[in-house]
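Participant: Listed below, chain by chain, are the residues.
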Amino acid sequence: MTPLPDAEALYAELRRAVQAAIAQLPEGSVHLVGIHSGGAWLADRLHADLKLPGRPGALNISFYRDDFDRIGLHHQVLPSDIPFDVNGKHLILVDDVLYTGRTIRGAMNELFDYGRPASIQLAVLVDRGGRELPVAAALCAARIDVPANTSINLTRDGDRFAISLETSADA
Amino acid sequence: MRNPQLNRNGELTHLLTLDGLPRDIVNHILDTAETFVPLADRDIKKVPLLRGKSVFNLFFENSTRTRTTFEIAAKRLSADVYNLNINASSASKGESLLDTISNLSAMQADVFVVRHSASGAPHLIAQHVAPHVHVVNAGDGWHAHPTQGLLDMYTIRHYKRDFTNLTVAIVGDVLHSRVARSDINALTTLGVPEVRVIGPMTLLPGGLEHMGVKVFHDMREGLRDVDVVIMLRLQNERMRGALLPSAQEYFKNYGLTQEKLALAKPDAIVMHPGPMNRGVEIDSAVADGKQAVILNQVTFGIAVRMAVMSIVAGAGPA
Numbered sequence: 001m002t003p004l005p006d007a008e009a010l011y012a013e014l015r016r017a018v019q020a021a022i023a024q025l026p027e028g029s030v031h032l033v034g035i036h037s038g039g040a041w042l043a044d045r046l047h048a049d050l051k052l053p054g055r056p057g058a059l060n061i062s063f064y065r066d067d068f069d070r071i072g073l074h075h076q077v078l079p080s081d082i083p084f085d086v087n088g089k090h091l092i093l094v095d096d097v098l099y100t101g102r103t104i105r106g107a108m109n110e111l112f113d114y115g116r117p118a119s120i121q122l123a124v125l126v127d128r129g130g131r132e133l134p135v136a137a138a139l140c141a142a143r144i145d146v147p148a149n150t151s152i153n154l155t156r157d158g159d160r161f162a163i164s165l166e167t168s169a170d171a
Numbered sequence: 001m002r003n004p005q006l007n008r009n010g011e012l013t014h015l016l017t018l019d020g021l022p023r024d025i026v027n028h029i030l031d032t033a034e035t036f037v038p039l040a041d042r043d044i045k046k047v048p049l050l051r052g053k054s055v056f057n058l059f060f061e062n063s064t065r066t067r068t069t070f071e072i073a074a075k076r077l078s079a080d081v082y083n084l085n086i087n088a089s090s091a092s093k094g095e096s097l098l099d100t101i102s103n104l105s106a107m108q109a110d111v112f113v114v115r116h117s118a119s120g121a122p123h124l125i126a127q128h129v130a131p132h133v134h135v136v137n138a139g140d141g142w143h144a145h146p147t148q149g150l151l152d153m154y155t156i157r158h159y160k161r162d163f164t165n166l167t168v169a170i171v172g173d174v175l176h177s178r179v180a181r182s183d184i185n186a187l188t189t190l191g192v193p194e195v196r197v198i199g200p201m202t203l204l205p206g207g208l209e210h211m212g213v214k215v216f217h218d219m220r221e222g223l224r225d226v227d228v229v230i231m232l233r234l235q236n237e238r239m240r241g242a243l244l245p246s247a248q249e250y251f252k253n254y255g256l257t258q259e260k261l262a263l264a265k266p267d268a269i270v271m272h273p274g275p276m277n278r279g280v281e282i283d284s285a286v287a288d289g290k291q292a293v294i295l296n297q298v299t300f301g302i303a304v305r306m307a308v309m310s311i312v313a314g315a316g317p318a
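Chains as they are written, first to last, in our numbering: chain A, 1 to 171; chain B, 1 to 318.
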């Protein structure tokens, strides 16, 4: 197994990329939206570090998953919270790991139920390949290849991030 | 014997009664409802969870409010909703309940929301539907009204946060009230230490003590220091029997007035499942007062019914 990169170094890389992307967009028109849980942690910290105004948005995409018929509704973390009008805004959607692309599809469907943003860019800490949908991250700190039965987990201790691998026996 | 509401994996596949429903399932429903509440503030108030599924509202007994909130809930989940007023159709032509259900099942129903004047009708239906079909009880006879019980719990949790230090009083016609039974079951499950039941002897069923509640016939005594007052509708038809002398007499003894409410804690909330009889069980000054949360109950009811339908529809077969 290739050694995992340091999550803090990846975060610093992502922060640089997001900052550069925001600089290209009209001032005051950009909002971050994190996907629960890891993406929301990242969005919160990016929001604070980049000194953006207001609060970042957070999405819980449980109601937009495409596997509801197979797995049902599971225990909820937190409701979605979009504390700004998305109409005409440039949104940066933030997640920890990009894999099949299905979560991102669900997140985009949900965002459009709040209104019509001017644009959406995707920012992720790790792209692990394995896409099943035409989704790409414009802003990405690293590409890591791991076997299909392995998941990449982001954890948070205080304000510091760590990533680890978890292999499931039955996959 | 397995709880008929749960499937082999212990997931909620029908909602029939709150009696014996495990606390973690009740909390799962309330938590899920909480995530649905903010949808009401969005441009588009729908989520695609039940897209392509068919929800049949089967009302063998009249109801406007409950049927409408179930309909709104199902539509906000993107289900296709069919309202059947069975009073007026097949039942009057002599078709049996189970034949009606078989016919509707043949129309590819996924969820049946059932209200029936006979206690136990939703259970009977749940036993006979195909494994992928889910049944939600919208009130059966004097037995249970589980979604009303759940929305009452949601309302109490919203205002009081913690159930384990509360005193809750349920006032009125408990004998004929399926709401009261569902509320008592849920309050007990959620660990409310003191549930009081207040009403005249003729409107309280026997054996209430076995449900773990304290019985009061004097309303003033029963309301002392309570955190929550749940008023029940006095069903007018009861007045015709020998159960009560008159509406005026009832209001004098068991109607909630500001003066009686002052005996409860200052931050007590007043609930009512509707429809209200002003001047019979509740005074207008209380119904429209600061402590009343009656209209909030209606709003929360939509989120709670969305939670119930999405949880049962997502559960595996029975």
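Be aware that one or more of the hints could be misleading.
[Unchecked claim] Okay, derived cross-link-like pairs now, EDC-like style, lysine to aspartate or glutamate, Cα gap no bigger than 16 angstroms in a straight line:
hint	chain 1	residue 1	chain 2	residue 2
1	B	Lys45	A	Asp113
2	B	Lys160	B	Glu221
3	B	Lys265	B	Asp227
4	B	Lys46	A	Glu166
5	B	Lys45	B	Glu71
6	B	Lys75	A	Asp113
7	B	Lys265	B	Glu221
8	B	Lys46	B	Glu71
9	B	Lys265	B	Glu209
10	B	Lys45	A	Glu8
11	B	Lys214	B	Asp225
12	B	Lys45	A	Asp81
13	B	Lys214	B	Glu249
14	B	Lys45	B	Glu61
15	B	Lys260	B	Glu209
To be clear, the hints were calculated from the coordinates, so they are not data collected in a lab.
Participant: Against this structure, judge whether each hint is valid.
Facilitator: So, going through the hints one by one against the coordinates:
1. B/Lys45 x A/Asp113: holds (8 angstroms)
2. B/Lys160 x B/Glu221: violated (22 angstroms)
3. B/Lys265 x B/Asp227: Within the cut-off at roughly 6 angstroms; holds.
4. B/Lys46 x A/Glu166: violated (35 angstroms)
5. B/Lys45 x B/Glu71: holds (14 angstroms)
6. B/Lys75 x A/Asp113: holds (15 angstroms)
7. B/Lys265 x B/Glu221: holds (13 angstroms)
8. B/Lys46 x B/Glu71: Holds, at about 13 angstroms.
9. B/Lys265 x B/Glu209: Between B/Lys265 and B/Glu209 the Cα gap is close to 24 angstroms, so the pair fails against 16 angstroms, i.e. violated.
10. B/Lys45 x A/Glu8: violated (38 angstroms)
11. B/Lys214 x B/Asp225: The given pair, whose Cα atoms are some 14 angstroms apart, holds under the 16 angstroms limit.
12. B/Lys45 x A/Asp81: holds (14 angstroms)
13. B/Lys214 x B/Glu249: Violated. B/Lys214 to B/Glu249 sits at ~24 angstroms, over the 16 angstroms cutoff.
14. B/Lys45 x B/Glu61: Violated, at about 29 angstroms.
15. B/Lys260 x B/Glu209: violated (24 angstroms)
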